[in-house]
Amino acid sequence: MSGAWSSVPINIWIILGAAIVTYATRVGGYLVLSRFKRIPPRVDAALNAVPAAVLTTLVAPAAVFGGGAEALTLFLCLIIGLRVPLMGMFAIGWMLIIALRAAGL
Amino acid sequence: MSQSGDGFFKGARDSLPIVAAAAPFGLLFGALAIDNGLSVGEAVLMSATVYAGASQMVGIELFGAEVAPWLIVFSVFAVNFRHVLYSAALGRRMGLMPGWRKALAFFFLVDPQFAAAEARAERGRPLTFAWYMGMALPIYVLWVLEAWIGALFGSLIANPEIYGLDFLLSIYFLGLVLGFRSRANWLPVVVASSLGSVLAYMFVGSPWHVSLGGLAGVVVAVMLPLDHKPDPGEALKVSS
Numbered sequence: 001m002s003g004a005w006s007s008v009p010i011n012i013w014i015i016l017g018a019a020i021v022t023y024a025t026r027v028g029g030y031l032v033l034s035r036f037k038r039i040p041p042r043v044d045a046a047l048n049a050v051p052a053a054v055l056t057t058l059v060a061p062a063a064v065f066g067g068g069a070e071a072l073t074l075f076l077c078l079i080i081g082l083r084v085p086l087m088g089m090f091a092i093g094w095m096l097i098i099a100l101r102a103a104g105l
Numbered sequence: 001m002s003q004s005g006d007g008f009f010k011g012a013r014d015s016l017p018i019v020a021a022a023a024p025f026g027l028l029f030g031a032l033a034i035d036n037g038l039s040v041g042e043a044v045l046m047s048a049t050v051y052a053g054a055s056q057m058v059g060i061e062l063f064g065a066e067v068a069p070w071l072i073v074f075s076v077f078a079v080n081f082r083h084v085l086y087s088a089a090l091g092r093r094m095g096l097m098p099g100w101r102k103a104l105a106f107f108f109l110v111d112p113q114f115a116a117a118e119a120r121a122e123r124g125r126p127l128t129f130a131w132y133m134g135m136a137l138p139i140y141v142l143w144v145l146e147a148w149i150g151a152l153f154g155s156l157i158a159n160p161e162i163y164g165l166d167f168l169l170s171i172y173f174l175g176l177v178l179g180f181r182s183r184a185n186w187l188p189v190v191v192a193s194s195l196g197s198v199l200a201y202m203f204v205g206s207p208w209h210v211s212l213g214g215l216a217g218v219v220v221a222v223m224l225p226l227d228h229k230p231d232p233g234e235a236l237k238v239s240s
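Residue numbers (the numbering used here), protein chains in the order written: chain V, 1 to 105; chain A, 1 to 240.
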């Protein structure tokens, strides 16, 4: 990304903006939600769904549009990940994508 | 005055497994940041100021895709939104910390820090500022160092495809998605977000697949009947 505003590169502004909103989430729950006796159930359900919903959108298109080696790696990782912790699944997945690409899939 | 077991060094000792587990991702972040067009200084700045692994990965993925600045900031916000719940939950346990210490402590509230602090409070141990920072500082300092080291080596790698580096984020995110699978309505949410993001990718285009797909999952979660959580005794009866 290029361009600058007030002689500071735009990337720096993006990073600082990301830092501010991240801190806001870390302090915001304490400042806002702790004043309610309890969170409305539907709001709670929506908040609970946010991480899985957002992260899924970063994986699904890669599986569908990425190619054979990529789709097969993600499929195998999905099965492995149900039994193996994140780090182990990640290491196996890394080996799989190297091997499957080398095999010309 | 803190007893042994409530102090800084106990916290530092408790942080070691987390430091080890986070190291590959800290290095990976630095390397991938370079791959996606950030400078070494920008990569280090991001680890030092945002300090949230998954959202940093999402952020650099979007840097690489040349999307609008506000959307990158919003995506980081969306991925980190779970921290709102962490701070609401853990804030109740921070009675030992005066206001400014609490404000500082919340900066370091990454997932494993939250998990360890909740687990400690659960065991009835006091959540002291010394213990909390003893845990937080090693994780933080090494995370920033790893971004720098990863970025230095990342710029040396000419063909990241051969080593699969360009695809590691997808594997990592899949692992994170699976990590949430015990949550209510996880499967319908993931299916809705998958379909939503793939359709948006085809018909609207990147990067809108992130917000539209995410919205599809959240809408499904709100529409579905609320999960009735059985108390532990009830759950035991069902499983026996």
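Worth flagging that the hints you see were computed from the coordinates, not collected in a lab.
Be a bit skeptical, because a hint or two may be false.
Covered stretches of chain A (chain V as the covering partner; in silico rule of three or more C-beta atoms under 8 Å from a C-beta of chain V) [stated by the list, open to error]:
| hint | region |
| --- | --- |
| 1 | 5-18 |
| 2 | 73-79 |
| 3 | 129-141 |
| 4 | 167-173 |
| 5 | 178-192 |
Glycine included, every Cβ here is placed at the ideal spot set by N, Cα and C.
Here is how each hint holds up against the structure:
| no. | hint | in the structure |
| --- | --- | --- |
| 1 | 5-18 | violated (count 0) |
| 2 | 73-79 | holds (count 7) |
| 3 | 129-141 | violated (count 0) |
| 4 | 167-173 | holds (count 7) |
| 5 | 178-192 | holds (count 11) |
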